[in-house]
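Residue numbers (the working numbering), protein chains in the order written: chain A, 1 to 551; chain B, 1 to 231; chain C, 1 to 416.
Derived from the structure by calculation, the hints contain no laboratory data.
Keep in mind that the hints are not guaranteed to be accurate.
[To be verified] Rough simulated footprint, nothing fancy, chain C against chain B, three-plus residues with beta-carbon under 8 Å:
#, segment
1, 64-78
2, 88-97
3, 154-161
Note that beta-carbon positions come from the ideal geometry of N, C-alpha and C, so glycine has one too.
Below, each chain spelled out in residue letters.
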Amino acid sequence: MSDQVTLTIDGKEVTVPRGTKVIEAAKQVGVEIPHFCYHPGLPVDGNCRMCIADVRTWNARAEKHFPARRPAVTCWTDAEENMQVFTDTDEVKKSRATVMEFLLINHPIDCPICDKAGECMLQDHYMQHDGKRSELREEKIHKPRLKPFGERIVYNGERCILCSRCTRFTAHVSKTHDLGIVNRGDRAVVELAQGSTFDNAYTDNVSDICPVGALTKTDFRFKKRVWFLKHTDSVCGGCSRNCNTVVDHDRAEIVRIMPRRRDEVNGHFMCNEGRDIYKSLAATVRTSAPISRVDELGAGPSWDDALAWAGGKLGEQKKGGKLAVIGSPWMSNEEALVLGHLAGKVCKSAWMDIKNDVIEGYPADDLLHTDDHNPNRAGVIAAGVVPGKKDGKDLAAIQEAIAAGEVEVLLVWGTGLANHYDSVEAMHEAVAKVPVVIQLTDAMDALSEVAQLVLPVRNWAERDGTWTNFEGHTSRFRKALRPHGQARDGFELLSAMCTAAGGKPPVKTFKDARKKLKQDPDSDVREVADGEFAFYKGQSLYRHHSGTTEV
Amino acid sequence: MSEQLGQNADFDNLIDGHVMPQPAYQGEFTEGEIVKYYNPSRMTLLEKLYVPAIIGGLMITARVFFTNMAKWGIWFTYWIRGKGKDAPKGAVTIYYPEETRPDYSPINRGKHILTMRQQKGPSGEALPQCVACYMCATACPAFCIHIVAGESPDPNIEKYCVEFDIEMDKCIFCGYCEEACPVDAIRLTPEPRMADYQRERMIYDREYLMTWNPTYVEDDHVYPGGHPREE
Amino acid sequence: MNTAFLVVSFMNLAFVLGLLLNLGGLLTWVERKQGAVMANRIGANRAYIPVPVGRDPNGAGGFKWSKRFTLMGLFHAITDGIKMLTKENFTPPFVDTFVYNLAVWFSAVPVLVTFAVVPFGGPFQPGVMMSEVLTMVGMTGAAASVGGFFGDGVYHMQLANLNVGLLFIFAIGSTGIFSAALAGWSSGNKFSLLGALRSSSQMISYEVFMGISVLGLLVVYGTVDFNEMAQLQQQTWFGVIPKWGVLLQPHMFFVFMTALMAENKRVPFDMPEAESELVAGYFTEYTSMKMGLFMMAEFLEIAVIAGIMTTMFFGAYHIPGVVAATDAMHWAMHPELTPVNAIFGAEVPHALVVVLRVGAFLFKLIFFCWLQILIRWTLPKFRYDQVMKLGWKYMLPLSIVNVIATAAFMYVLGGM
Ligand code: SF4
Ligand code: SF4
Ligand code: SF4
Ligand code: SF4
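Next comes chain A alone, as it looks inside the complex (with noise of 0.2 Å):
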């Protein structure tokens, strides 16, 4: 018996692995089969019957197909060899239409004030599948509405269509075991198990693979409607996991962040913390332009004057060797690149590390989350900014040397050198023996209160980047707002002051970065999330959706 099995689907042929599911098989010659409980992320329960198609299994010895007696749920049956599935045969419609008709029985069509329309599987089904009128004349059943799951999830149990995805995530996926279905037939609710304060890092994954409004997020709940969101592919930093995410934004604000799909990162989830990290965004103090407190520059320099200043300095440190250089686990693959070379090629650092941007975070945890609260401290190391790189001179070696007085200028990525000081005001007593601090940010920080020339440089919603987690895999965010004040991108900024320094930029553009990091740059194609169906794509509810916004 080998491995691989074809079959075909809807008359196209497919080969597959043995053992995977028909539903999956269909997905990869494009053919979608509505489903509301199957998640390939959870294991298969098969209860929504929606993903009924009309399966034939190959009889060897009758060398013949046989008609199934009934229509098989395609979740949950096996693709197998010669087999043939047909999507679109009246009976097939009409048990779709029947099953949409039994879940809206008693749903309470609330789409106006619920906050999953737009990206309901309910409603896409009903579009697609059903488009009837009730028939129903009898009052709905009433169910508790309005209800709370701990701190970020409400309950609403008239939505809910009982397809036990969030019961099997806390089940299968957190193994917390918070939720679960209780009462029988029109009666069903999902309930919080006894004692149970559902807060847990993951809760909000129920919300996601809801296929319907029955959860909604606490953070999210009111706040947007979807259809206005513009979705911006992006890399959550908030450990060195790299969960792949989507950031929805509208008019530069990002509304939320969702995961998205990449099966070696982070699979389907993310953490509740990744989900919040747009709040500290949001709250970080920013300069929108370049700040120096040297007299040559005067207060609020020019662009062109910051630089040439900043280029006169690192190009004294040719031959010297007096330059420290502190880059951060922050900096996109590219951006670390091009410091590598800054420090090592054009200037000749003498000292080089990489700080702790952040220290405090979510304890690790064995699904996703880490304990380096850091996105990119092994891509950084990879493409160059490697600790102690000249002779084991790290950053334990910088901080004596700046108490030696010996460093003359020092060049920082990010907020959080303080970190590795005892104190902010010790930070700042020893900072003051160097006479050229140069700081590099995305966010103010202690040092830049004292730092002799501050240039502002975008975050990573702002700029475009890769980073490379902690197993190796490398994730590529995307710009997605537009850039505070003068800020400048990164990459562009360091391969000037290269220039400015009288050196060369070792690459001219993204791409020849990643070509040069080998990075294969299609490591990170998305992926049509799950619920999100491409029959909508094109349609009018989908009318803001742009991906990344080039400004």
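Given chain A's structure and the hints, the job is docking chains B and C with the ligands onto it.
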């Protein structure tokens, strides 16, 4: 059959000197037929000579001119006696801010109103019918509706609008918002008078939309009983 | 050249300038108001003068103002003038300043100068007329001295009594092309240049047959002197039907009128300006009163065109049945009669005849102004190719045929 389509059998309907083209095709469309519309090429020699046609046109406009002048003459006899206000004029237009028309159509699409719920909220406050579904904002081609949704004080309602601003200076009075609203919360009243001297005042907020006093109330739906915005 | 001649000339000058400039301003109002009445609208009515009607009852010493005194919107003409004069006189940096400023003068001056040869009343005797008037009001002494000052001298109610009248008009009128061409070229703007090109070709095309179209009439009249034309049109057929140009050559009346209107560049011939395509055509870059002069020239030209049409085709100042003792041509045609001032044979004072004739001229003038504005508000704009086609393919051949036919006719008939 098909070559007659689009051609007009009785093109000689002369109304007021103009040839009034009849709708070119008035039957059911049969499949496969290509319906063509074109102007008749039946110009008489007199029309082709152009000058007589121009003179004819000038006669029409001149006639309108003199008729109106005569009407103004009659108006003048009223005006000289101080009764100019009620006198018939030689124009169909009016001196707008001084004079207003009483005869706007009841289906005229004018100033918006937010309807209210009959039941008051838990603390006796008036609640808008609106459930903040953003359908109107989505349908609005001028992007002039701005809503902020919030948790309603009435738990049975769940969602309602905390803020509801319409930029009336952007609004094109298409009525799509009214069409889109699933709960009949927004309506365009026939009220046509909205002019103002300040742009800021052209942004109507939720309170004003709920409480301004429409003159035209066409049914007994709950309209607010407040006062017009103070001058 | 005696003093009396100078005085009469200045009187004429004052009359013509007063007439034209006021008419120019007034026509801006007529244009709006007539358009409005033709379209069932009210038209300009907002500009007003507040009139004090007494003391303010509640204010301390202030005035109580009447309701707005709008006078049918007449003040719009004044506000227009004030606006034009007080707007910033901006010269764009990219223009050819000298030519740019020169073009303005070419627009208004030729128009005003053309009117010099248009007779607005017949030959008259100021001495006789004034003494009659003064005697009537009882100032016999003044009557005697004024009569003595002017004597029996016969003068023309016309600024310049040139015997080349019509040729003068063609000569001066055609310099109007310079205005559009220079303005468009010097503005350094492609819209202006397009407007200039269009206006040049349009005006030159229409000037060709503008001249030819009246040749037939000239053959009939046998003169280009406007005064003589006016006198000739006093003749009648069978003693009742006046031999006005429009009855002699009705078809050429339309052709000539079309040509003149095309020269004026107004709707339906407003290709050079064409707001919807060329912003404002050749005067896009002009501001304040410079732009005002271009506009003014257009309205003045309406009046001038009306004057020319009146003189050539509508018997100038002539009223059928009214003759003056000074009408040399009339009495030469009727040797059996004695020269007197008469209305249908009844003798009347000279002053009455003069007043009637000036009145008649003004009436006809205003009628033609009205007619032009009527056309402007009735006809839609032509396409450019239609303008050219109309000119070269219809009007020009028609004019030429007319000249030949008229000449042949006159030859056969042996005179008028
Ligand atoms: S779950 Fe879907 S169908 Fe139900 S109310 Fe919400 S949007 Fe509408
Ligand atoms: S709450 Fe949502 S995910 Fe959970 S059972 Fe109901 S419909 Fe399914
Ligand atoms: S009438 Fe049209 S333009 Fe005005 S608010 Fe409603 S939808 Fe928008
Ligand atoms: S469509 Fe109606 S209910 Fe929805 S937001 Fe607009 S006014 Fe409110």
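Count residues of the segment 88-97 of chain B with a Cβ under 8 Å from any Cβ of chain C, then say if the count reaches three.
holds (count 7)
Just to make sure I understand the rule, a stretch counts as covered if three or more of its residues have a C-beta closer than 8 Å to a C-beta of the chain. Does the segment 64-78 of chain B meet that for chain C?
holds (count 5)
Given that the segment 154-161 of chain B was listed as covered by chain C, double-check it with a C-beta distance under 8 Å for 3 or more residues.
violated (count 0)
Hint 3 alone, counting from the list given before, is not met by this structure.
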